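Engineer: So the sequences go chain by chain: A and B. Okay, so the first sequence: first residue is 1 according to the working numbering, each after it adds one. Okay, so the second sequence: first residue is 763 according to the working numbering, each after it adds one.
Hints are computed from structural coordinates only; laboratory data are not their basis. Small disclaimer: the values here were computed from a predicted structure and weren't measured. By construction, the Cβ of each residue, glycine as well, lies at the ideal position given by its N, Cα and C atoms. Hints may be right or wrong, so weigh each one.
Unchecked claim - Here are the simulated distance ranges between beta carbons:
(1) K649/A to N1339/B: 53 to 63 Å
(2) N1324/B to L542/A: 28 to 38 Å
(3) G1028/B to R698/A: 48 to 58 Å
(4) E815/B to W13/A: 52 to 62 Å
(5) K777/B to E53/A: 32 to 42 Å
(6) I72/A to N1339/B: 52 to 62 Å
Said to hold, decoys possible - Chain A regions said to be covered by chain B (calculated; three or more residues, Cβ under 8 Å):
(7) 205 to 218
(8) 225 to 235
(9) 239 to 248
(10) 504 to 513
(11) 582 to 592
(12) 621 to 630
As the list claims (entries may be wrong) - Partner residues are not named here, just some residues of chain B that face chain A (Cβ under 8 Å, in silico):
(13) P820
(14) Q1026
(15) T1166
(16) A1359
(17) H1361
Protein chains: 2
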Amino acid sequence: MSIGQSIPRVDAWEKVSGRAKYTDDLVDRNALIGKVLHSTIANGLVKKMDISEAAKIPGVVKIITCFDVPDIPFPTAGHPWSTDPAHWDPMDRRLLNRRVRLYGDDIAAVIAEDEISASRALRAIKVEYEEYPVILTPEEAMKEGAPLLHEECPHNILKHTTVEDGNFEEAIQEEGLLCFEDVFETPIVQHCHIEGVVSWAYMENGRIVIVASTQIPHIVRRIVGQALGLPWGNVRIIKPYIGGGFGNKQDSLYEPLNAFMCTQVGGRTVKLELSREEVFCATRVRHSEKIFLKTWVRPNGRLVARSYTAYSNQGAYGSHGHGIAAKGTNVFRQLYRDEKARKVDIYTVYTNTAAAGAMRGYGTPQAVFAIESHIEDIARKLNLDPLEFRFLNVMPVGFVDPFTKNVNYFDSFRQCVEIGKAHIKWDEKRERYAKQTGPVRRGVGMSLFWYNTAVWPISIEVSSCRMVLNQDGSIQLQIGETEIGQGADTVFAQMAADTLGIPWQKVHVISTQDTDITPFGTGAYGSRQTYVGGAAINKVALLLKDKILRYASEYTHTPVANLNIINGDIVLVSNNNQTIVSLEELATDTLYHTEHAEHLTAEATAQVKSNAFSLGCAFAEVEVDIPLGKIRLLELINCHDCGRLINPKTAEGQVHGGMSMAIGFGMFEQLLYDPKIGRLLNGNLLDYKLPTILDHPRLEAHFVENPEPTSPYGTKALGEPPTVPGAAAIRNAVLHATGVAINTIPLTPHVLFAEFKKAGLI
Amino acid sequence: MSIGQSIPRVDAWEKVSGRAKYTDDLVDRNALIGKVLHSTIANGLVKKMDISEAAKIPGVVKIITCFDVPDIPFPTAGHPWSTDPAHWDPMDRRLLNRRVRLYGDDIAAVIAEDEISASRALRAIKVEYEEYPVILTPEEAMKEGAPLLHEECPHNILKHTTVEDGNFEEAIQEEGLLCFEDVFETPIVQHCHIEGVVSWAYMENGRIVIVASTQIPHIVRRIVGQALGLPWGNVRIIKPYIGGGFGNKQDSLYEPLNAFMCTQVGGRTVKLELSREEVFCATRVRHSEKIFLKTWVRPNGRLVARSYTAYSNQGAYGSHGHGIAAKGTNVFRQLYRDEKARKVDIYTVYTNTAAAGAMRGYGTPQAVFAIESHIEDIARKLNLDPLEFRFLNVMPVGFVDPFTKNVNYFDSFRQCVEIGKAHIKWDEKRERYAKQTGPVRRGVGMSLFWYNTAVWPISIEVSSCRMVLNQDGSIQLQIGETEIGQGADTVFAQMAADTLGIPWQKVHVISTQDTDITPFGTGAYGSRQTYVGGAAINKVALLLKDKILRYASEYTHTPVANLNIINGDIVLVSNNNQTIVSLEELATDTLYHTEHAEHLTAEATAQVKSNAFSLGCAFAEVEVDIPLGKIRLLELINCHDCGRLINPKTAEGQVHGGMSMAIGFGMFEQLLYDPKIGRLLNGNLLDYKLPTILDHPRLEAHFVENPEPTSPYGTKALGEPPTVPGAAAIRNAVLHATGVAINTIPLTPHVLFAEFKKAGLI
């Protein structure tokens, strides 16, 4: 069995040797080069565009302006389509926009023989704008009289929802309740995947083929069809290896425009590659949220009622929209159990910043930062042990979510916390650091987190898989779920190998998704790969195994029930699993048998209707230099119950990556906009402070392997959860060190200095 | 219904616009360049090779010699594998050969950064040979004491078989029989496909990927595995569009060597492209045959017994070997029915010429040239009408082949001949040209032909297909059978469309075969595409239709039996085929249904156990300039019963192409070898006389559409048959014009002058 073994990544050799082919490695030598003209105002209208000088530049093949594109609004979010219009994502995007909604909006595109001609043409296009006031925050956007970014959304509110569990007004009347209230703010951050946004498109037999760095090929196919008004079957997406996505590529970014561009030059190949600066300003970002929390609690620490109000900054276009704020409220509603009631009131609001979309964690890092900071503060104020306070109120074992019917089967929170406590030496340090004085102090903090796996029942969850048996008993595995650097192909190979009974080396995963050929699956997001993809792999491997054993039964004149496949051999169950014929010999026979030849393949769709809780915690230790306003992160420990580990090493890698993102989110990263003109001020890798190796402590990942009953391999989400608890743990460690509760991240010197000053520490 | 309609080729636009991608269009920009060193002797041994100077040339990465390759003999013929060793093709090939067997044998290979370095290195390699006498014909090869090309084959005979139907010796004792005897000789010719022999190979995840211009990707996979001693699943073949093959690419040519080369440079991409001159001397050719026919006939024209003795020149390596001579004898044994007995005695013999392999017609052009010339001569000598003489003896309606159980269902011969006669004005011209004198004379001649479809029961016949339904109700079709320029993809689309009930425009044929993904099928040969591929398409389309209708039944609450698909709509059979829901709406629903989502696809293997007779004739009119020894072909008419026509225009194109090849075979083409050193003298497109447009008359193709009962679409072979009867028809027309029976083709001035002189005409 390979499951549970840290087998090397199936793509390791290709990737470390530089031989793995990414989108740009594969582009046609004669491809035309496309470039996008971005607006130099943040809010307004393109009145006129003069392309006459640009068109004269040698090498320029075609210029397309916002006046030339079809007037078809389309969505971009990488969600499965729904046949119910109520579930459609906002359709507020056009291929190019006359109505400019952010500094860097797409207003024209140039196609040229080479990069230089294309760049020269961009500079030669003259644009006349009508300008409106710039809006950068939900507060400004919702003000009476603010210009509307999208006419159909009054007050620039994309969506507003409220939920009430229990009778809130009645609950808070209970006598003797203490009430705590806080406001938290999280920054706009960007994914910063290594490989940028790149695609190339051409026409073949009247259809459009797009090779793109995307997490969601089958969804991009649909969106390109919608955007261009084409039958979806006329679009084909091919996804090579990709260098990270983190949710930014769970969106249809420039594929629809790229597709349109190639149709404007007779179907010739057009490549469209964004610079890093364009990726920052014109793709997607994490929603900045302002979260108001109010909690009514008994003096003994039992939560009675809480309210959660949030304003989520959507930026200029709808993208994943309200889903992010909504997923945040699920943490609020499920992580802790109020005895009586709970209330949610959330707004997603358009502004003139970069469109906010999916990003690892999908709203839960923001919510957990707020919730776990708030909880810590209450414990502190009530003088309760923060861990015991949490355990008193946390989602209990056996809890069943009334909406999804998810069950919390195990005492994972406590198990994870015990591991974290031991590794960070919690009790000792909590005591030791309690009475520090002086300018440099240490502290430990922690945070729980909640994340549910995959997107059911908000959207459908399906994954289809196909397996093809070769003459040597090896198989190919095709699946719609995508390898995006996270190691999906490796765990897919392990799952298929174990279910079929063959060595993992005999599973050849087709890493390239091609919507023409690859069974339908919606791609990489929602930490769904092992959970939903695993369901498909299990189903198809069992189907293929059944076909193999039936053929083996014919071949060996032995009942199917007495046959099994172990380590690539057909064995006799009754005879101590003695080999009766190798799968290689049998597979060869299937293809060449003169009486009954058959290519043994299997294919099926698995539909998943559960979304397992993935739970855990983070522990952090910091050293705070109070006068400098500077934090040194000494230790960060994540502990996860993500079910059974398919591959401990790749799981650890996932956690390390997520922890790194949490460090950036909590301590360093933030996109800053010029308040006057709405221009992004630090949209590059020099000015945008992504944490480097020097900012990282030793990262520790631990696991509690409670097998998830709803998954055939006992797994649940691990892709996103590691990103979630880090920021609150660090913030709570700073609180422990300094006694100062800071409610705004990232915890930059800028923020810390002001807070420490306010607290009288400096 | 699209079957029977001349819809445009599905790849027409790509191909005429130059946008279709062939193997060389797709090669990696950084590929290394491989080149092969060919021997400069025809028979002998490489004693020593000095690569020291070559290795010093800048840009040279690696040199591999015949001393460096694994000693694994492998076959190259593009036949399905057999689990019975008795059916294996000759395994007499190594990646590079120390034992040199033809002038141009592969003895070393260079891998360099560019073409020039590679070419310089080839010239710098010093080789020392031990030379043996050169053998160019079977007669020489079989002589006592001739050096053996392959030690395991005494007298250089690869294979010798005899067959006797009836009691031959007794049959020829009948009193009053007349006996006729003739010897015929056919040339070595080459396929001359437009796209040469080209491939490139690299390693990925420890496996070898080869992109190659081949007719038989799944077979090449197996052969590369054999040649390199690798599990077959570790090899992946990708076949882009290809520019013709005609059987040369029904062989594994340089793919195994290319694969090995890439393994010698750490898996880097190595491209191996042959020059036209290399294609001529070092790939495959048509077997030259010398055929001895002897016929015993009653004065009334009834054939009583015949014998057929042939020597087939195999060239240096086994390739398709004896299969070619054997298929020729099937014409002999089936086209005419001797009343009493028949005898076959055939030899396939190694010589120091290019290895002979598959070529359009697969031995039948040679056999039909001999048989139909001989029959014509007998008719003439007996003063019988040549057509009536043929009908008296031809395979009758209702004939059942005792071996294959094939049935001759229709009177196709007579129907085809009637059409040909009418179009060429046979009766009028036979009479008019009978009494010509003078130096320039005209004549008309004809030939029947026989061809059986596909290769069962000699090999297995299987084809697998997969169909994938898109949201817009269109499908992708994947099949192992390959588009090689013949229009296969187009007729596949028509077949799938009609069986499913959707417009042909909605069938997207995946033209690129990829052995990792494409369902197993053995490729393009044996004129099997519509016949065997059609069986798979029909089976899978019915499976997919069934799945669609079951889903439609769920969706519409209507019994499956009352539903059908017509023109892309689900219709109510009971209500006059009124549309109930479009397939587009239904297909979209299948993928996104919250309760029951499923990607509707279907896949299956069809095994075919029949090989329908494909029959017909050719009529030719010539003008012979006797003193010049020159023939002008005035008219060539082919008439075929290939069953139902799927696409009349592409069928006509097939026939035109085949007729052109017959013209070359009968009148112009012949590879000539230096008798002393065995070097090919005219291995280039200047000296090898491929007929040009100026040598072509108007080509006429006619069809008799008797639906073949063993095919789901009523089709049978059309790919190869058009090549078969032309040479004999032309030769018989020359006989009619001049009274001179010429038994050697091509009918060049060289041959004609000698024959006319011998006949006293000049």
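Engineer: Taking the numbered hints from earlier one at a time, note which ones the structure violates and give those numbers from smallest to largest.
Structural biologist: Violated: hints 3, 4, 6, 9, 12, 13, 14, 15.
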